Each structure stands twice: as structure tokens, then as C-alpha cells.
Amino acid sequence: MTAAERVDRIKNGSPFNRLDIVFLGAVVLLVTVTLLLVYGGGKGASVEITTPTQKLTYPLDKDAEVDVEGKLTVVIKDGKVFVKDADCPDKVCERTGAVNKSGSVIACLPNGITVTVTGSSDFAEVG
Amino acid sequence: MKKIVASLLITLFCLSLAACEKQPFRRAEVVLGDAVALSVAAKGSKAKTAVNEMFALANDVFGEMNLSEKDSLLTRFNADDSVRPCEITEHIFNTLILAKTAWEKSNGAFDVTSLPLSRLWRVDTAGLHSLRPDINDLNGSAADAEKLPTKEQVKETLQYVGMDKLEFYEESGKYYLKKTDGRVQIDLGGIAKGYFVDLCKGIAEKYSLESCLIDLSGNLYLYGGGLKSGGDWTVGIKNPRPRLTYGEALRDYVAAVSTAGNRSYVTGGDYQRFYYARYKDVASEAQLLAVCHIINPKSGLPVGIKYDEETNRYETDYDAVCMAVVSAQNSALCDAYTTAVAVLGLQEGAKLLKDNGFDGLIFTNPDLKYDEESYPPSEDGPTPTKKGRGKMKTVGSWRFTDGYDNYKTDYEAV
Numbered sequence: 000m001t002a003a004e005r006v007d008r009i010k011n012g013s014p015f016n017r018l019d020i021v022f023l024g025a026v027v028l029l030v031t032v033t034l035l036l037v038y039g040g041g042k043g044a045s046v047e048i049t050t051p052t053q054k055l056t057y058p059l060d061k062d063a064e065v066d067v068e069g070k071l072t073v074v075i076k077d078g079k080v081f082v083k084d085a086d087c088p089d090k091v092c093e094r095t096g097a098v099n100k101s102g103s104v105i106a107c108l109p110n111g112i113t114v115t116v117t118g119s120s121d122f123a124e125v126g
Numbered sequence: 000m001k002k003i004v005a006s007l008l009i010t011l012f013c014l015s016l017a018a019c020e021k022q023p024f025r026r027a028e029v030v031l032g033d034a035v036a037l038s039v040a041a042k043g044s045k046a047k048t049a050v051n052e053m054f055a056l057a058n059d060v061f062g063e064m065n066l067s068e069k070d071s072l073l074t075r076f077n078a079d080d081s082v083r084p085c086e087i088t089e090h091i092f093n094t095l096i097l098a099k100t101a102w103e104k105s106n107g108a109f110d111v112t113s114l115p116l117s118r119l120w121r122v123d124t125a126g127l128h129s130l131r132p133d134i135n136d137l138n139g140s141a142a143d144a145e146k147l148p149t150k151e152q153v154k155e156t157l158q159y160v161g162m163d164k165l166e167f168y169e170e171s172g173k174y175y176l177k178k179t180d181g182r183v184q185i186d187l188g189g190i191a192k193g194y195f196v197d198l199c200k201g202i203a204e205k206y207s208l209e210s211c212l213i214d215l216s217g218n219l220y221l222y223g224g225g226l227k228s229g230g231d232w233t234v235g236i237k238n239p240r241p242r243l244t245y246g247e248a249l250r251d252y253v254a255a256v257s258t259a260g261n262r263s264y265v266t267g268g269d270y271q272r273f274y275y276a277r278y279k280d281v282a283s284e285a286q287l288l289a290v291c292h293i294i295n296p297k298s299g300l301p302v303g304i305k306y307d308e309e310t311n312r313y314e315t316d317y318d319a320v321c322m323a324v325v326s327a328q329n330s331a332l333c334d335a336y337t338t339a340v341a342v343l344g345l346q347e348g349a350k351l352l353k354d355n356g357f358d359g360l361i362f363t364n365p366d367l368k369y370d371e372e373s374y375p376p377s378e379d380g381p382t383p384t385k386k387g388r389g390k391m392k393t394v395g396s397w398r399f400t401d402g403y404d405n406y407k408t409d410y411e412a413v
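Going down the list, the sequences are from chains A and B. Numbering-wise, the first sequence is residues 0 to 126 according to numbering that gives the first Met the number 0. Numbering-wise, the second sequence is residues 0 to 413 according to numbering that gives the first Met the number 0.
Quick caveat, the hints were computed from the structure, so don't treat them as lab data. Any given hint could turn out to be false.
[To be verified] Derived pair list, reagent style DSS-like, types lysine-lysine, alpha-carbon separation capped at 27 Å:
#1 Lys45/B to Lys54/A
#2 Lys61/A to Lys227/B
#3 Lys353/B to Lys392/B
#4 Lys61/A to Lys76/A
#5 Lys76/A to Lys227/B
#6 Lys150/B to Lys305/B
#7 Lys350/B to Lys390/B
#8 Lys407/B to Lys100/A
#9 Lys297/B to Lys353/B
#10 Lys54/A to Lys227/B
#11 Lys70/A to Lys69/B
#12 Lys173/B to Lys99/B
#13 Lys100/A to Lys45/B
#14 Lys390/B to Lys104/B
#15 Lys100/A to Lys227/B
#16 Lys47/B to Lys54/A
#17 Lys297/B to Lys390/B
#18 Lys100/A to Lys47/B
[Said to hold, decoys possible] Take a look, some chain A residues computed to stay more than 12 Å from chain B by CB distance:
#19 Tyr57
#20 Pro58
#21 Asp60
#22 Lys61
#23 Asp66
#24 Pro88
[Claimed, not checked] Selected chain A positions facing chain B (Cβ under 8 Å, derived; list incomplete):
#25 Gly69
#26 Lys70
#27 Thr72
#28 Gly96
#29 Thr113
#30 Ser120
#31 Asp121
#32 Ala123
Computed from a predicted model, the values in this text were never measured in an experiment. Beta carbons are placed, not taken as given, at the ideal position from N, Cα and C, and that holds for glycine.
Next comes chain B alone, as it looks inside the complex:
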């Protein structure tokens, strides 16, 4: 009898050991219609409660900011050309305060009032949906570059871009937003994801999770130790080139870094949300213009293209930033600064991060390195031939992991 009891105890002990090593609670869903994909994995006794609370919070935070939603507060604010104050949610108010900080620190490079420019260039969600590149016919699916916005149209639109045209304030427990020019339109998409991820971190703290990975469409927050080991995490940074990966091809990593937890990692760049445009007399696919979603609110041009005064045409700016990775404890500002760095460029972008104590990896366009004949790669086509390298600038300390070292061959450290 004693032996039976002893055996049972041993069994229970082993089972409990096994239970300690159990899989994290994981939930991944597209939230808010078609706005964002949220994926959370958590370990801890309250993991499930915490994760479900994060999903519920997503609706609270983004619901009224969602520009794909016809009746959301911001959609109505944008459509309203009057300058009367509009009552907003606390989340919108908090996000605007963070946006203003980022706008001031970056000298206007991050600006939530750039939406009219995004619409002009058709790099807002609706525009990008209608102009997506077709891998089988890049030239054919490219937009007509002659129809890109003219210099005059850009100049006209710039008149009502600028965060100084927004006022927001709190009055007896309510929050208000007003525009000083009826044509002003805002999009909080460049910072709200980071704001939300910061709130999720608060939930992870509240439920004393051991470990939690929060991934909101690429805005990462690593809470506590790694999900498997409880120690350091490894963050793989995907290569921004080639822009198009299809089928069973794995997009490779430009670098992977090991890092302690309780930090956010955010990337931004020209490689995911963009369309191609071309001038009719340009036949080569290597000379397609990539019009990306990040717009410089000062020049009014998308990052990665410039205007040539002599030919009166847009052309690729090979010095432009193609990807910025920003890391710090505050995810909202990381989010905004990825955009700011892309707009400011390699040197000024690095200065912004350094001055504010953010870590960053900044990459410039490596497209020149591809042989025209072999670019861009297709599912069955040849592997692109390298001709040169982009640049990579490191701000702060980064611990690179061996085996993920494309940054050594594809980018020149500066």
C-alpha cells in the first residue's frame, strides 16, 4: 500500500514538473474589422485572463480611431470641414499628446496630419489596396508615373498639413479636439499601435505574468524573460529586400539580436506598404518607382523618391532610409520615431534617436546592388545579383546573433 502511495506521489510530482514547462497561452486574431492583427503569447498563472483583457482593450483603443470604419470618431472628424471642437475619447487624447511630443522632438518629421498627403499619393489604405503590385506583371500593374501628383498639387496640400493646426484639451473631465483649418485630416496609425502595446505591458504587469510576447502587426513588446527559457530573447529583423517575397520563399533576416526583456522593438520602412509607378518610356523593372506609405510632411513627397527639376520627373532616391528599427521601453515613441527616422534620413535620424536615448538600426536603400536583369526576383526567377551595398547605422548597443548576418554582406556599416 505504501508503495502504491509512493508511486502515485512520484507520478504527481513528475506531472507537476511537466506542467511547469507547459506551452504559453496564445491568441492571434485580426481585430477591428480589418485594421490590425494582434498576436499575444503569455506565461503565468493569469495568462489567459491577461491576454483576453488585451484583446478587449484593442476595441476600446482603436474603435474610434479606425479610419476604415465609416462611423468612427476620427472618420467623422476628418470629413467635417468645420472648425468647431469635437469631443474625443481619452485614448485619442493620450495618443495625441504622445504624437505632439514626437512631432516636437523630431522637428515635425512625424506628423499625424499627413493624411491628406497620403490620400493625394494614394498610399492610404484604400489607395494601396487598388494599386498593389502583381508579381507576375510588375510593369503592367505599375501605376502611370505621369499621373503622380504634380509639384503644384503637393504644394497646395502642404498648406493644410502640420500639427500646429490642431488643438486638443481637457475640460471638466471631457476631451476635445479641433482643427484651425477645415481641410485638416488626421491619422493616428503611426503611433496608436505603440500606445496600445504600452497599455498591454501595463496589463502584463497587473497580472504578474512571467513572460509575454505582444505583437501588434510588427510592433513588439517583450515582457519579462523569453517564453521558452525565461532568459534573453532573440529578435529577428526581417530583410527589407527584396520587397516582394512570394510563395514558399522564406523572407530572410537582415540581422537578429539578443536582448533582455521589458523592451519594445518597432520597424518602419518602404518595403511592405507601397506601389510601383513607372514612366511609359521606361521598360526596365529595375527602374520602377516605389511609392511608399511614409510621407515627408515637409517636402510632401513619399520617402524614397525625389523630384528632378531638369527632367521634371520623379526618380528613386537611393540615399533614402528603407528601414528603421527603433527600440526602447516606450513603444509609442518607438513607433513614431521609425517614421521620423525614415523621413529625416540616416544622419539626422540617428541624431534624433541618440539625443532621446533610443536605440536604433537604420538602413538605406540597397536597391542599386541588384543587377537590372535579375531584379526583382520572382517565384521561379533567378536570385538577384548583388552589385553594391546599402548603408547601416547603429545607434546604442546591439548584440548581434551569429547566423543572421546579412547586414554584413548587404549593408556597409557607417
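Next comes chain A alone, as it looks inside the complex:
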């Protein structure tokens, strides 16, 4: 590209050729998708169920009923998660009721299963 051609192109309004625009478009798209992926997960976005043998992950915003190895029935409903049925002796997990905040944990100690709402937050709870 000669100096004259470059001046000409700027005068005509576009310093970019077609390939440049396609490429920039791709960059913008990539960045947007990355940011969405990262920031979109900021709230308690998913439910992680950990058993002695496996780890299961479910979105918190989609209603579901999960049979965990025949020991617990975990229900995700209206952005909350709770243990509906447990075959454990103390039923503390059932008595915990529902949780919806990132970091909240429901534990079934006798079965060694935890249900955690994941995500990033400044909130913690006791009691």
C-alpha cells in the first residue's frame, strides 16, 4: 500500500479492509462471550452435589428433581434447592429446608453427601 493509497482510503472514510472488519467483529464477539460467561456466573448460578464417589452439577435456575444414588432426592425449584427425601437416620438435611444463596451448604452427614450453591458472593451464613 503506497502513501497515496492510504491517504485515499482514509479520505474515503474507512481505514479497514473487509477482512479487518470480519476479524474485529470476531474479537468483539469473543470478548462479549467471555465476559458473559464470567460475570453471568456471579450469582449462585449452579448447584453442586458431591458424594463420596462423584460430583454432579445442575443449574439453579432450571427446575429439576435429582435422585442422588438412591439416597437423597434433591429438588431444584424456583431458584432454590432442598432435600426432599433422605434415607439417613437424622434427617438434618431435610430439616435444613431450602437454600438459595451462593455458598450455602446442605449436608447429609450419614451419607457423606453435600449440596452446595456455587458462585461468588460476600455472603456467608451461620446457625
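The hints should help you fit chain B onto chain A, whose structure is shown.
Quick look at chain B alone, frame taken from chain A:
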């Protein structure tokens, strides 16, 4: 070509910005068979290493203390009725030293030798498993109050409760524990969780984490700034009433407080580990006796019930503490003091915390406030009707967060 390079650089820059905001590393598992649930979330370049080290440490610390484990050191110590010295781990030794401090400061209200009383009242883990309340049939699932321990049985058991009946010492790099009465049994469950959480804080420091939330079955340590903002944390304190939450009901918060990091928050009370008992001629569910896991090592009675000399029956003590929240930098003592405060009661408990520079929120039983007809609530049943309020005493400074103000309506500030 330059433009392509520039675009790539911009992409990389944006990606790195995005990476700075990445999710914390999180691990939550039940550790040690069925002993405790540990949940840790951490941010920092060494977050994963630090968190995994905490999980490995849990086995070291609790393994030999675990009373659910048939062969653990403490299970064997409790079963052995001889008074010869028993070699113990350094973690058990350290925990005993902290337990002794809490025992002395609280005038014996926190006592690790209360286990025989817990077994007598069936509020040890095995007892609570067999007596759990059934939400669909509270009366039917309640234990027979006539079969609760008699005054004589309590008195007899009290003879071998007391931390003065324990000796522990270090000798040429080894640690020993002995009982002066063969019937003594100990449970470190009321303080070991806090001790462990303090060790986790040390690991967080070692790996220079930016932020870390350590939650061991409700013993919290907030390390550094909040996981999301890097600033203050918010701690939601769950309402101790109603005792039973089932199904999709969210247990509400009695209060939420905002707090700077590098502090521990621990709660204890009568609302999670308990069973109901009732006398046969008492029909109302509102009059069920709640027998909880915290036992007063002086009177030998569970917190929340008292003995009526005239009727020769146990009855609910509505002045009793139903929940104590304790906060300080040292989690082990916070843990022990929640129990001590529940045992000592509102006024003396507040004094213990104040004298030792611990912050606390102490709540007394609000059960009288429920209309008998509507209590306790069930999944489909009516919302309980309020009749009165419990009491809440504040020790130290607490910054309450708006929107979580049940403490204003359910408890009267004193």
C-alpha cells in the same frame, strides 16, 4: 499485520481482565465418615493447593477424636476404665489446652467431660439419630417424658463429670492424657471444630490467599476481604425458630451483619440437635419438651428444660438461651463460648463474653410467642401466630444489615 497484532493484544487484555474476576475455587465434602461437612471457597493464585491442604488436615485433626469411629483414640480412651496415662496426638493435646482455658474462664460452664450426661439424656449422636422428630407426627415421634433420666440418675452421673478429673501433659516430645476416675468420658466436639478452623486460617495465611471462606458445619472463618467484592462480608444469622424447617421453605434470618474479614463467627443453640419428649397426659404439641444437645455440666440438665419440684416433672425453661452467636479472631474459643453462654444464660453469658473481649448476640427462647393451635408449623400448615417475643442481648459492636430484621419483631432488645 499491525492491526492483527493489536487486536490480538486487546483480546488477550480483555481475557486477562476477565480472568481476574474468576470464580473462587470451591470444595465441599463430608469428611471423616459422617463427622463433619467442610466447605471452603478461596481466591488467590494458590487457592487450590491451600484448600486441598485444609481437607487433608481435617483427617489429621479429627481422625483420632472422632467418637463415631470405633477405633479412634478417644473412643478407646472413653471405653477404658483404667486410670493409666494414654498417649494422645498433638492436636488432641492442643485442643485440651484450649478446652481447659474455656473451662476456667467460664467457671466450668464449658466442659469436655459432659459426655456421660449427653449419653444419659440420649443427646449424643447415636441417641439423636434414634429419637429424631417426625414432622408429620410430632406427638407420636416424641419420646416418653416419664423415661427421661431421674434426678437420682443425673446426680449419680455428675459425680464423674468435671474437667478437674482429667490430667494431660507433655513428656519428652510425647503427649499423654489420663483420667482420675475410670468413668470419665470426653467429647471434644464442642471446641475441636473451632481449633481446626483456626489451623485453616494459618494455611490461608501461608499461601497468601486474597479471600477465603471456611465453613465447618457452621463454624465460620472469614479470611481477607469478601469473595466477590474484596470488601466487607455479610453474615446471615439463621433464625433459631421455628426449629423445624422442611421442604422448600427457606429458613429465614434473624439478622444479617456486615463485618470486616479475619474473624470467626460461631453459633450454638437448641434448634438443630434435639428431640421432643412429652408426658402422656399432655396433648398439645406446643407443650412438647425439647431436649437439646447442650447440657449444663453443673445441674446435669439439658439447656431449655428445668425440673419442677412440686409436680416432679421436667418443664420448658422459657428464660433459657436458644441461640448464642459469638465472634472473635480465635475460632476455638468462640466455639466453646457458644456452649458456655447457652449454659450460663443471658446475663452471665454476656458477662463472660464482655470480660474476655468477645462479641456476641444472645437470644432467649421465643416459643411462648406461638399460638398453641398453630405451633409447630408444618409443610402445609398455617404460619405460626406470634404472641410475644424472646430477648436479644448484644455484646460488642454489630453492624446490622437492612432487610434481615426479624430480630426487631421476634426479639426484644435488652
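Hints, one by one, checked against the model:
1. Lys45/B to Lys54/A: 22 Å, holds
2. Lys61/A to Lys227/B: Holds, at roughly 24 Å.
3. Lys353/B to Lys392/B: With Cα atoms ~12 Å apart, Lys353/B and Lys392/B stay inside 27 Å; holds.
4. Lys61/A to Lys76/A: 7 Å, holds
5. Lys76/A to Lys227/B: Roughly 25 Å separates the two Cα atoms, so the pair holds.
6. Lys150/B to Lys305/B: 11 Å, holds
7. Lys350/B to Lys390/B: Distance of about 16 Å is within 27 Å: holds.
8. Lys407/B to Lys100/A: Holds, at about 23 Å.
9. Lys297/B to Lys353/B: 22 Å, holds
10. Lys54/A to Lys227/B: 24 Å, holds
11. Lys70/A to Lys69/B: 24 Å, holds
12. Lys173/B to Lys99/B: 19 Å, holds
13. Lys100/A to Lys45/B: Judged against 27 Å, a Cα distance of about 25 Å means the pair holds.
14. Lys390/B to Lys104/B: It holds: about 25 Å lies between the C-alpha atoms, which stays within 27 Å.
15. Lys100/A to Lys227/B: Holds - the C-alpha atoms of Lys227/B and Lys100/A are around 13 Å apart, at most 27 Å.
16. Lys47/B to Lys54/A: Roughly 17 Å separates the two Cα atoms, so the pair holds.
17. Lys297/B to Lys390/B: It holds: about 24 Å lies between the C-alpha atoms, which stays within 27 Å.
18. Lys100/A to Lys47/B: Holds, because 22 Å separates the two Cα atoms, which is no more than 27 Å.
19. Tyr57: Answer for Tyr57/A: holds, closest chain B Cβ roughly 15 Å.
20. Pro58: 15 Å, holds
21. Asp60: 15 Å, holds
22. Lys61: 16 Å, holds
23. Asp66: Consistent with the label, Asp66/A stays out of reach of chain B, its closest Cβ about 17 Å off (over 12 Å).
24. Pro88: 4 Å, violated
25. Gly69: 17 Å, violated
26. Lys70: Hint violated; Lys70/A Cβ to chain B Cβ min 12 Å, cut 8 Å.
27. Thr72: At 11 Å from the nearest chain B Cβ, Thr72/A fails the 8 Å test, so the hint is violated.
28. Gly96: Since the shortest Cβ distance to chain B is 3 Å, the answer is holds.
29. Thr113: 4 Å, holds
30. Ser120: 5 Å, holds
31. Asp121: Holds - the Cβ of Asp121/A comes within 8 Å of chain B, reaching about 3 Å at its closest.
32. Ala123: 5 Å, holds
Hint compliance for this structure: hints 24, 25, 26, 27 are broken, all remaining hints hold.
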